[in-house]
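Peer 1: Given only the sequences and the hints, what does the whole structure look like? Please build it.
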Amino acid sequence: MITIHTRNFSLVKDALDRKTMDIELDDDETVGHLLEKVRSMNEQKLKGLPIRVAVNQSYVDESYRLHNEDMVALIPPVSGG
Amino acid sequence: MVITRIIKNKIPALPSDETHTNDGAELQFYGRVREMENGQPIVALDYEHYEGMAEKELQKLGEELLEKFSINELDCIHRIGKIPVGEAALRVTIWSKHRTEALDAMAWFISQLKKEVPIWKNAVLKDGSRITSKCTVCDV
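Residue numbers (the working numbering), protein chains in the order written: chain A, 1 to 81; chain B, 1001 to 1140.
Treat the hints with care, since some could be wrong.
To be verified - If you anchor each label on the Cβ, the simulated ranges turn out as follows:
1) A/Met21 x B/Arg1130: 20 to 28 Å
2) A/Lys19 x B/Val1043: 18 to 26 Å
3) A/Asp28 x B/Arg1130: 50 to 58 Å
4) B/Asp1127 x A/Met21: 26 to 34 Å
5) B/Lys1082 x A/Ser58: 23 to 31 Å
To be verified - Okay, derived cross-link-like pairs now, DSS-like style, lysine-lysine, Cα gap no bigger than 27 Å in a straight line:
6) B/Lys1114 x B/Lys1010
7) B/Lys1114 x A/Lys47
8) B/Lys1010 x B/Lys1082
9) B/Lys1134 x A/Lys45
10) B/Lys1082 x A/Lys19
11) B/Lys1060 x B/Lys1082
12) A/Lys47 x B/Lys1060
13) A/Lys13 x B/Lys1008
14) B/Lys1114 x A/Lys45
15) B/Lys1056 x B/Lys1126
16) B/Lys1060 x A/Lys13
17) B/Lys1068 x B/Lys1010
18) A/Lys37 x A/Lys13
Claimed, not checked - Chain B is faced by these chain A residues, among others (derived, beta-carbon under 8 Å):
19) Leu11
20) Gln57
21) Val78
22) Ser79
23) Gly81
If you are wondering where the hints come from, they were derived from the structure by calculation, not from laboratory data.
Quantities reported herein were computed from a predicted structural model and do not represent experimental measurements.
Each residue gets a CB set at the ideal place from its N, CA and C atoms; glycine is no exception.
Peer 2: Take a look at the structure:
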């Protein structure tokens, strides 16, 4: 098992009502698996919401393989400017 | 040269720079907080960012801009925290030899900033309550 630490921003934070989470995953699980797990925490509020993922402050795609103690940001559409 | 930063204080005005003697175009954009957000009167926008990554992505975007367009310099400040109506959340200045490159580069840069840099805004209403900005690209 591995443990990853998430930071939840904006609409993801609102939907999960948490700023951070520690999530346990099987070894070699990917960002895609993590997103499935996250979406199942509040299917109604997260339905249709695009979520990008950054690991250790760089964007990664769904095939990225997570490692123990990774810092994972759950990033909904941004709205700066 | 690319200079980008994210700050918590009011964005200062940048006077026209007469030392850019090779640049015929100096283009400046301010993004200001409007008094209405999604049809509701507001008193401010409150911007949050992913500290560390937002700075890194903004600088990366600036460097990409210089590679993509024939411009000579970019200076960008994004303000975060609570920004009252009328004040600037963003200041972008571009210098280039001719106007067309500067205008095209400005449009691209702001459009990309709104897609890539992890910054989010919440509207602050008169009673102090906050509304997270609606998602404009969601399927719901």
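Peer 1: Next step is simple, just say for each hint if it's right about the structure.
Peer 2: Hint check:
no.	hint	verdict
1	A/Met21 x B/Arg1130: 20 to 28 Å	holds (22 Å)
2	A/Lys19 x B/Val1043: 18 to 26 Å	holds (25 Å)
3	A/Asp28 x B/Arg1130: 50 to 58 Å	violated (40 Å)
4	B/Asp1127 x A/Met21: 26 to 34 Å	holds (31 Å)
5	B/Lys1082 x A/Ser58: 23 to 31 Å	holds (29 Å)
6	B/Lys1114 x B/Lys1010	holds (20 Å)
7	B/Lys1114 x A/Lys47	holds (22 Å)
8	B/Lys1010 x B/Lys1082	holds (10 Å)
9	B/Lys1134 x A/Lys45	holds (13 Å)
10	B/Lys1082 x A/Lys19	holds (19 Å)
11	B/Lys1060 x B/Lys1082	holds (25 Å)
12	A/Lys47 x B/Lys1060	violated (31 Å)
13	A/Lys13 x B/Lys1008	holds (22 Å)
14	B/Lys1114 x A/Lys45	holds (23 Å)
15	B/Lys1056 x B/Lys1126	violated (34 Å)
16	B/Lys1060 x A/Lys13	holds (26 Å)
17	B/Lys1068 x B/Lys1010	violated (30 Å)
18	A/Lys37 x A/Lys13	holds (15 Å)
19	Leu11	holds (6 Å)
20	Gln57	holds (4 Å)
21	Val78	holds (6 Å)
22	Ser79	holds (5 Å)
23	Gly81	holds (5 Å)
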